[in-house]
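J.: What follows is each chain in one-letter form.
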Amino acid sequence: DAAVTQKPRYLIKMKGQEAEMKCIPEKGHTAVFWYQQKQSKELKFLIYFQNQQPLDQIDMVKERFSAVCPSSSLCSLGIRTCEAEDSALYLCSSSQQGGGAETLYFGSGTRLTVL
Amino acid sequence: GDSVTQTEGPVTVSESESLIINCTYSATSIAYPNLFWYVRYPGEGLQLLLKVITAGQKGSSRGFEATYNKETTSFHLQKASVQESDSAVYYCALGDTNTGKLTFGDGTVLTVKP
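Residue numbers (my numbering), protein chains in the order written: chain R, 66 to 180; chain C, 4 to 117.
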C-alpha cells in the first residue's frame with residue numbers, strides 16, 4: 066500500500082507565528098502536491114513539485130508560504146506569518162511521475178489551528 | 004478556471020438501496036481532462052475509488068460505477084445496492100492531463116443506515 070507520511074498531525078500557532086509541516090512522499094514518487102482543505106470542504110490546490118522543482122503554485126503560496134522539497138524523500142510547507150484564515154487541514158500527496166492519469170496517494174494531513 | 008460541482012450532502016440512504024451522487028465539471032484549461040472519484044472513509048486518508056481517462060468509458064470499483072460523459076460534462080457515481088461500509092465522504096475530481104493536478108468538488112457526505 067502507498068504510504069505518504071505527514072508530520073505533525075496537529076499544529077497550533079498564534080497569529081503571526083511561523084508554521085512548518087513536513088511530508089515524506091511515497092518512495093520512488095517524483096511528483097508532490099499540496100492541498101488545503103477548510104471545514105471539510107473542497108481540497109484547494111496549493112503547489113506542485115516535479116523532481117523537487119516547483120512547477121505550479123497559486124499566488125497565495127508565492128506571497129505567504131514557503132515550500133521546498135530538499136530531497137526526493139522530504140518536502141515541507143511553511144507559512145511565514147500565520148493568519149486565522151490559514152486554519153485548515155493541509156494534505157500532501159504524491160504520484161509516480163506526475164502524469165495526468167496517475168493516482169495521487171494522500172497522507173493523513175496536518176491540521177493547523179491558528180489562534 | 005476549472006471547477007467541479009457535485010451533489011450537496013449530506014446524503015442518507017438505507018442499506019441495499021441504490022445511490023447516485025451527481026458530478027458535473029467545467030474544464031476551461033484542459034481539453035480532455037481525466038476524471039476521478041476519491042473517497043475518505045471514517046478515520047482513514049483520502050484514497051482513489053475509481054478513475055476514467057477516456058470520454059465515453061466507464062470506471063468501476065467496489066460496486067461503484069461512473070461513466071465519463073463529455074457531452075453533458077458529467078461523471079456521476081452510482082451503486083445499485085449500498086452497504087453500511089460505504090458510509091464515507093466522496094469527492095469528484097478533474098485531473099490535468101499533463102501534470103496530474105486535481106481540481107476537487109466540495110465532497111458529498113454519505114451515510115448508509117443499517
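Be aware that one or more of the hints could be misleading.
Unchecked claim - When the alpha-carbon atoms are kept at most 35 Å apart in a straight line, the in silico DSBU-like pairs for lysine-lysine are as follows:
1. R:72 with R:106
2. R:92 with R:109
3. C:61 with C:73
4. C:54 with R:109
5. R:106 with C:54
6. R:109 with R:78
7. C:61 with R:78
8. R:109 with C:61
9. C:73 with C:116
10. R:87 with R:109
11. R:92 with C:54
12. C:54 with R:87
13. R:127 with C:54
14. R:127 with R:80
15. R:72 with C:54
16. C:54 with C:116
17. C:61 with R:127
18. R:92 with C:116
19. R:87 with C:73
20. R:106 with C:61
Hints were generated in silico from the structure; no laboratory data involved.
J.: For residue 87 of chain R and residue 73 of chain C, compute the direct alpha-carbon distance and say whether it is at most 35 Å.
T.: violated, 38 Å
J.: Given the hint that residue 54 of chain C pairs with residue 116 of chain C, test it: the Cα-Cα distance must not exceed 35 Å.
T.: Between residue 54 of chain C and residue 116 of chain C the Cα gap is close to 27 Å, so the pair holds against 35 Å.
J.: Would the hint linking residue 92 of chain R and residue 54 of chain C be met if the CA-CA limit is 35 Å?
T.: holds, 23 Å
J.: Against the 35 Å threshold, does the CA-CA distance of residue 109 of chain R and residue 78 of chain R hold or violate the hint?
T.: Holds, because 21 Å separates the two Cα atoms, which is no more than 35 Å.
J.: Next pair to validate is residue 73 of chain C with residue 116 of chain C; report whether the Cα-Cα distance is within 35 Å.
T.: holds, 34 Å
J.: Between residue 61 of chain C and residue 73 of chain C, does the CA-CA distance stay at or below 35 Å?
T.: Distance ~12 Å between residue 61 of chain C and residue 73 of chain C Cα, so the pair holds.
J.: Holds or violated: are the alpha carbons of residue 127 of chain R and residue 54 of chain C at most 35 Å from each other?
T.: holds, 31 Å
J.: Does the structure keep residue 61 of chain C and residue 127 of chain R at a Cα separation of 35 Å or less?
T.: violated, 38 Å
J.: Within a Cα-Cα threshold of 35 Å, do residue 106 of chain R and residue 61 of chain C meet the stated pairing?
T.: Holds, at about 27 Å.
J.: Holds or violated: are the alpha carbons of residue 72 of chain R and residue 54 of chain C at most 35 Å from each other?
T.: Within the cut-off at roughly 29 Å; holds.
J.: Given the hint that residue 61 of chain C pairs with residue 78 of chain R, test it: the Cα-Cα distance must not exceed 35 Å.
T.: The hint is violated at about 45 Å.
J.: Keeping to a limit of 35 Å between CA atoms, is the pair of residue 54 of chain C and residue 87 of chain R held or broken?
T.: It holds: about 28 Å lies between the C-alpha atoms, which stays within 35 Å.
The structure is inconsistent with the numbered hints 7, 17, 18, 19, although it conforms to all the rest.
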